[in-house]
Each structure stands twice: as structure tokens, then as C-alpha cells.
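Asks: Residue numbering for the sequence shown is 1 to 152, as defined by the UniProt record's numbering.
Be careful, since some hints might not be right.
Stated by the list, open to error - Derived pair list, reagent style EDC-like, types lysine to aspartate or glutamate, alpha-carbon separation capped at 16 Å:
(1) K35 to E66
(2) K82 to E22
(3) K62 to D30
(4) K36 to E64
(5) K8 to E22
Please keep in mind that the hints were generated in silico from the structure rather than gathered at the bench.
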Amino acid sequence: MEHYTILKAEDGVQGEAIALEEIPDIVISDVMMPKKNGYELCHSLKTNDKTNHIPIIMLTAKGEHEAKMEGLQQGANAYLSKPFDDEELIITIKNLIETRNNLWQHFKSKDMFLINEMDINSFEDKFLQEVFQIIKDNMDNENFKVDDIANK
């Protein structure tokens with residue numbers, strides 16, 4: 001793991017505090033931890049706007065299907081059962097970080113971040129004018145529905 005800085009926590013509460021403070025590239029958590037288990041930690045991080053973008057890998061001795069589904073339902077991006085293969089963990093880490101970086105590059109390059117407030121207002125005005133015109137054109141049509149606006 002020579003390419004990564006690793007931050008360790010003794011329990012789920014400390015892990016959450018570190019994640020909120022440091023905003024790591026990835027979180028690797030055991031399910032069985034004191035104070036706050038891995039499911040609770042995952043849920044807390046995935047429902048917080050500050051950390052919900054961070055990929056989470058859960059590691060556990062609980063290999064049952066239900067345990068895996070619980071982790072995934074809480075927002076985990078990957079779930080590895082112990083004993084896990086070191087190479088599998090490293091590849092999973094690399095893939096999750098690469099996917100996140102690719103998404104960042106994709107959205108960073110889009111012009112949507114360059115739109116100024118005046119452009120937004122102009123776009124909204126044009127959109128509203130079009131909607132009002134569609135409604136006006138169909139005032140006499142008793143079969144016209146809201147869904148028809150979306151189809152126009």
C-alpha cells in the first residue's frame with residue numbers, strides 16, 4: 001500500500017470523525033466494531049453531504065448473503081468476506097478510486113460549471129414561455145394532461 005496514506009481508527013465513532021475531518025479518497029471498514037458498527041458507519045457517511053461521495057469497502061467475517069445485502073443497502077460500494085485475497089482488495093481500491101476520479105474529470109470538464117446566473121435566468125424564462133405556450137395552445141383540448149407537456 002505504498003501509494004496510499006492510511007488513517008486508522010479504533011472504532012466506528014472515531015472512524016466517522018476521521019472521515020469527516022480528513023475526507024479520505026476511500027473508507028475501508030470492518031463490520032464488527034465497537035461503539036458504531038460498520039453498517040452504522042456506512043449509513044452515517046453515505047447520508048452526510050460532506051462524505052456521501054466517498055467509496056466504502058466493507059470487510060467482514062460475516063459471509064452470509066443477508067450480511068452482504070445489509071452492507072450494500074447501507075451504501076457500501078464493495079463488500080469482501082474474510083479471509084479476503086489481498087490482490088482483490090487492492091484491485092477493488094484502485095477501481096473505486098479510479099471510477100471516482102473519472103467521474104470528477106468528466107463533470108469538471110463540462111461547461112455546466114461555467115453557466116452564470118444571467119444565463120440560468122434566461123434559460124428559465126425561455127422554458128417557462130414554452131410551457132405557457134403549450135398550455136395556451138391546448139386550452140380547448142379536454143384530453144390534454146400534464147404528461148403531454150413533457151412530451152412536447
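Asks: Compare the structure with each hint and give your call.
Replies: Evaluation of the provided hints:
At roughly 22 Å between alpha-carbon atoms, K35 and E66 are farther apart than 16 Å, so this suggested pair is violated. Proposed proximity of K82 and E22 is contradicted: the alpha carbons are some 27 Å apart, above 16 Å. Our distance criterion of 16 Å between C-alpha atoms is met by K62 and D30, whose separation comes to about 10 Å. Taking the CA atoms of K36 and E64, the gap is about 21 Å. The hint is violated against a cut of 16 Å.
The suggested pairing of K8 with E22 holds, with an alpha-carbon distance near 12 Å, which does not exceed 16 Å.
Violated hints, listed in ascending order, are 1, 2, 4; each of the other numbered hints is respected by the structure.
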